[in-house]
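Number of protein chains: 2
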Amino acid sequence: MSAADDNRLTAPGSDPAGSSESAALRPGTGSRLDRYLPRYAARAHSMTSSEIRALFAVASRPEVVSLAGGMPNLADLPLDAVGELAADLIAGSGRQSLQYGSGQGEPFLRELICDVMAVSGISAHADDVVVTVGSQQALDLVTRIFCDPGDVVVAEAPSYVGALGVFRSYQVGVAHVEMDDDGLIPELLDQALTALQAAGRRVKFLYTIPTFHNPAGVSLAPDRRREVARICREHDVFVVEDDPYGLLGFDATVHRPLRADDPDNVLYLGSFSKTFAPGTRIGWVLAPHGVREKLVLAQESATLCPPILSQHLIGRYLQTQDWMSQIKVFREMYRERRDAMLDSLSELMPAIHPDIRWTVPGGGFYVWLTLPAGMDAKAMQPRALSARVAYVSGTAFFADGFGSRSMRLSYCHPTPDRIREGVRRLAGVIRAETDIRALFGASSPDVLTDRQDQRGAAAAPDVAEGERAAPDPSVVRHGVRPGVRHGGDADGPGPATR
Amino acid sequence: MSAADDNRLTAPGSDPAGSSESAALRPGTGSRLDRYLPRYAARAHSMTSSEIRALFAVASRPEVVSLAGGMPNLADLPLDAVGELAADLIAGSGRQSLQYGSGQGEPFLRELICDVMAVSGISAHADDVVVTVGSQQALDLVTRIFCDPGDVVVAEAPSYVGALGVFRSYQVGVAHVEMDDDGLIPELLDQALTALQAAGRRVKFLYTIPTFHNPAGVSLAPDRRREVARICREHDVFVVEDDPYGLLGFDATVHRPLRADDPDNVLYLGSFSKTFAPGTRIGWVLAPHGVREKLVLAQESATLCPPILSQHLIGRYLQTQDWMSQIKVFREMYRERRDAMLDSLSELMPAIHPDIRWTVPGGGFYVWLTLPAGMDAKAMQPRALSARVAYVSGTAFFADGFGSRSMRLSYCHPTPDRIREGVRRLAGVIRAETDIRALFGASSPDVLTDRQDQRGAAAAPDVAEGERAAPDPSVVRHGVRPGVRHGGDADGPGPATR
Numbered sequence: 322m323s324a325a326d327d328n329r330l331t332a333p334g335s336d337p338a339g340s341s342e343s344a345a346l347r348p349g350t351g352s353r354l355d356r357y358l359p360r361y362a363a364r365a366h367s368m369t370s371s372e373i374r375a376l377f378a379v380a381s382r383p384e385v386v387s388l389a390g391g392m393p394n395l396a397d398l399p400l401d402a403v404g405e406l407a408a409d410l411i412a413g414s415g416r417q418s419l420q421y422g423s424g425q426g427e428p429f430l431r432e433l434i435c436d437v438m439a440v441s442g443i444s445a446h447a448d449d450v451v452v453t454v455g456s457q458q459a460l461d462l463v464t465r466i467f468c469d470p471g472d473v474v475v476a477e478a479p480s481y482v483g484a485l486g487v488f489r490s491y492q493v494g495v496a497h498v499e500m501d502d503d504g505l506i507p508e509l510l511d512q513a514l515t516a517l518q519a520a521g522r523r524v525k526f527l528y529t530i531p532t533f534h535n536p537a538g539v540s541l542a543p544d545r546r547r548e549v550a551r552i553c554r555e556h557d558v559f560v561v562e563d564d565p566y567g568l569l570g571f572d573a574t575v576h577r578p579l580r581a582d583d584p585d586n587v588l589y590l591g592s593f594s595k596t597f598a599p600g601t602r603i604g605w606v607l608a609p610h611g612v613r614e615k616l617v618l619a620q621e622s623a624t625l626c627p628p629i630l631s632q633h634l635i636g637r638y639l640q641t642q643d644w645m646s647q648i649k650v651f652r653e654m655y656r657e658r659r660d661a662m663l664d665s666l667s668e669l670m671p672a673i674h675p676d677i678r679w680t681v682p683g684g685g686f687y688v689w690l691t692l693p694a695g696m697d698a699k700a701m702q703p704r705a706l707s708a709r710v711a712y713v714s715g716t717a718f719f720a721d722g723f724g725s726r727s728m729r730l731s732y733c734h735p736t737p738d739r740i741r742e743g744v745r746r747l748a749g750v751i752r753a754e755t756d757i758r759a760l761f762g763a764s765s766p767d768v769l770t771d772r773q774d775q776r777g778a779a780a781a782p783d784v785a786e787g788e789r790a791a792p793d794p795s796v797v798r799h800g801v802r803p804g805v806r807h808g809g810d811a812d813g814p815g816p817a818t819r
Numbered sequence: 322m323s324a325a326d327d328n329r330l331t332a333p334g335s336d337p338a339g340s341s342e343s344a345a346l347r348p349g350t351g352s353r354l355d356r357y358l359p360r361y362a363a364r365a366h367s368m369t370s371s372e373i374r375a376l377f378a379v380a381s382r383p384e385v386v387s388l389a390g391g392m393p394n395l396a397d398l399p400l401d402a403v404g405e406l407a408a409d410l411i412a413g414s415g416r417q418s419l420q421y422g423s424g425q426g427e428p429f430l431r432e433l434i435c436d437v438m439a440v441s442g443i444s445a446h447a448d449d450v451v452v453t454v455g456s457q458q459a460l461d462l463v464t465r466i467f468c469d470p471g472d473v474v475v476a477e478a479p480s481y482v483g484a485l486g487v488f489r490s491y492q493v494g495v496a497h498v499e500m501d502d503d504g505l506i507p508e509l510l511d512q513a514l515t516a517l518q519a520a521g522r523r524v525k526f527l528y529t530i531p532t533f534h535n536p537a538g539v540s541l542a543p544d545r546r547r548e549v550a551r552i553c554r555e556h557d558v559f560v561v562e563d564d565p566y567g568l569l570g571f572d573a574t575v576h577r578p579l580r581a582d583d584p585d586n587v588l589y590l591g592s593f594s595k596t597f598a599p600g601t602r603i604g605w606v607l608a609p610h611g612v613r614e615k616l617v618l619a620q621e622s623a624t625l626c627p628p629i630l631s632q633h634l635i636g637r638y639l640q641t642q643d644w645m646s647q648i649k650v651f652r653e654m655y656r657e658r659r660d661a662m663l664d665s666l667s668e669l670m671p672a673i674h675p676d677i678r679w680t681v682p683g684g685g686f687y688v689w690l691t692l693p694a695g696m697d698a699k700a701m702q703p704r705a706l707s708a709r710v711a712y713v714s715g716t717a718f719f720a721d722g723f724g725s726r727s728m729r730l731s732y733c734h735p736t737p738d739r740i741r742e743g744v745r746r747l748a749g750v751i752r753a754e755t756d757i758r759a760l761f762g763a764s765s766p767d768v769l770t771d772r773q774d775q776r777g778a779a780a781a782p783d784v785a786e787g788e789r790a791a792p793d794p795s796v797v798r799h800g801v802r803p804g805v806r807h808g809g810d811a812d813g814p815g816p817a818t819r
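Listed in order, the protein sequences are those of chains A and B.
Start counting the first sequence at 322; every next residue gets the next number (the numbering used here).
Start counting the second sequence at 322; every next residue gets the next number (the numbering used here).
Chain A extracted, bound-state conformation (with noise of 0.2 Å):
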């Protein structure tokens, strides 16, 4: 189409947003009617926003308690003492640490990594690391270089919404396996895999968050983490291991990454978005010798190299500051802001409805919280904002469509004060909505059958597809134990709520 048939849609005399003349005489506003449509490329029309920034915009006012953010709290950071390493490093060195720099990331700054990995039981070489834009480039880098559109990535059920939306504008589908209190339930990732490779869908990796997951808030149980690896080895996918919480854990519980023993079929990803500062935006992946070359080509093409800046800063941060007790101060604030969660849940849930149901975290940022059958998170969600309290519905974390009767809830920014006050409004909430079910019964057009109702043993693999805009209420999932437990509930196999 030339300007000429552009112009050929504009009546004559009138004015559209989106004529070529006009809109050249009202620069910067550009054209209301988006004449760019027809040209956008395939994977772009997957692109959407996600429930969490429609939602943000609302949550962050001060009246509301926002349970839905996944922002650490800096509050604890050595302030002063990072602004004076800044401002050394930049008058002593700024014609370094201001200019351009490797594309993998600064030699120093990998090898310092690898220090931080070695906490967790990770053995590696500064030469396989490749600096990221945040894990979340990580993750784009990955699915950049393995995945076509079609192919398919097997993930948890629920998952971090992030990696969703990445696999989504990569046009790749996602087929989501169930959890339990031990996390990613390997029977059924083993079924998953086996029935995906039969269909002839060409699986490409595991995403996996093993380590005080986000949404769900469990852990892989230690013997899990070696069927995981062996089951991902015997159907030859490799695992993509997002560790940004491992070192947040509130007890003596060491959870060992999986690319501790496994370092050639596991790309490790880890960030200083929690440990840190995640202003700074520096993740890294640990990748085999040969997969690391790619992501350094990738990164190039990307950005030509990771922000100089910021990891000159996190460098000299680790090398002058007692970071690891850093981390046991963040641990310390942390675990006393789960535990005003868990407290205030356990006082006042089991009131309102015996089978509300929530996951005990032993680290990390998050509380997954299931509602009875036929509740709907997602659509009490407008009235929870009425009554100041956010969360983020449960669907955001699935490419399916599920996960509607579930709620995230997070306890890493606010007040332990005001996480009570958070849960008390929450409450209030959930009775209300319960109290009209007891009133019009399930047939109420408030109250939606939930569609992990539906769920079933597998036998066929269940893909949503990165194209897919709506879910099909076809489709079956693989799993059928909800990832959720009532906090006292005897039958849990975890800890008890406290």
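Please keep in mind that the hints were generated in silico from the structure rather than gathered at the bench.
No residue lacks a Cβ here, since even glycine has one placed at the ideal position from N, Cα and C.
Be aware that one or more of the hints could be misleading.
[Stated by the list, open to error] Rough simulated footprint, nothing fancy, chain A against chain B, three-plus residues with beta-carbon under 8 Å: (1) 361–368; (2) 445–457; (3) 601–614.
We have chain A already, so just place chain B on it with the hints.
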């Protein structure tokens, strides 16, 4: 292929690097045999190391005068003041400046970016600016949202090596259009677009660096700017205008960006890498309103948000320092270096061979030098490195294997004395080559026929595909006029060498 199959490749008792078990015993080393090779995405096969990267390991040795790099000279930056800004920023408001931020970029920085663009005559609204991880990421995101594999982008001949890498990584074909001393030649652009569209190719955009071109050193003449904009509109092709050097002009000539007069059909890419510092990795896209939203979604998927600390630091710098005076300091500094290079070229090259030609940049970082017919700058490179001078062979700046007779000489980083010494060394190398030619004739195995000699007026489209590894010598290119000029050539339309 299962892990068991893997082992079948291994003779009993042997211990190849690729076997699962043995690799697991050698943590951190990965495998030498890349078992990931069959798993890469199609696009990964077109990701290959640029000629520049391979060169830089050698070129960065202190004994080598590098005329190869594109690193700005940061010595003139007020590093103490910038260091103090960083310290205040982190100590005073680290809870914001080290936190997650908006995927579109910090609102106050986007306002300031509009002030910067206003210097060149662009009127824009902060809402239409998307901050990126350097303008390299801007290129990546624009290509990501617009280009499917097999689409075509039109670019100057030569073009920016980093853009060609992005296009290749998205499997996008590149059709080069010739320049002369006044930049891109409009009638050849028109011919190319007509031929490509007649051949059914989907041309997505013109990628152009109209001002102080990298690597050619030329600028698009004012009347041609109008012509180029009109031709693109007529063919319903939009323009991606890359303008990292626009403020670094050496005289009073104002180069008005295409975007200033065509807000609806131009995506404008800017950067702080050359006017402040590249280590912050902050660039931006100014896009028509509808496109902006897609870019933000792509940005969130790629990195969540650009580095906040960098954004706040640049914002504070723009707010508190006299940044326009600082740019004038940069201009003077680069002009002195440009003059050192041009003076040395004029002094030494004509005596070696009357057909050595080079461009006279009015700003920016680069001179483009073309050797006499039959000579090969790429083949000469090892001998230049032996003589302790580095440049980038012209072939790096073509998607199709052309450019071997040319080289990019940068004057941005070495001191004027080093530049003069570098040109002296280069002159010695070129003289030795021409002496060999004179002695043995053009049939010497050292003297390759340059593919640029195959140029002819093009009827059929000539597209270098992203996925194609080697150039096809049978293709013809759009354009007959070489984009180079002898410094002392009175025939040239531009100013004579100083």
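Each hint tested on the structure:
no., hint, verdict
1, 361–368, "holds (count 6)"
2, 445–457, "holds (count 6)"
3, 601–614, "holds (count 8)"
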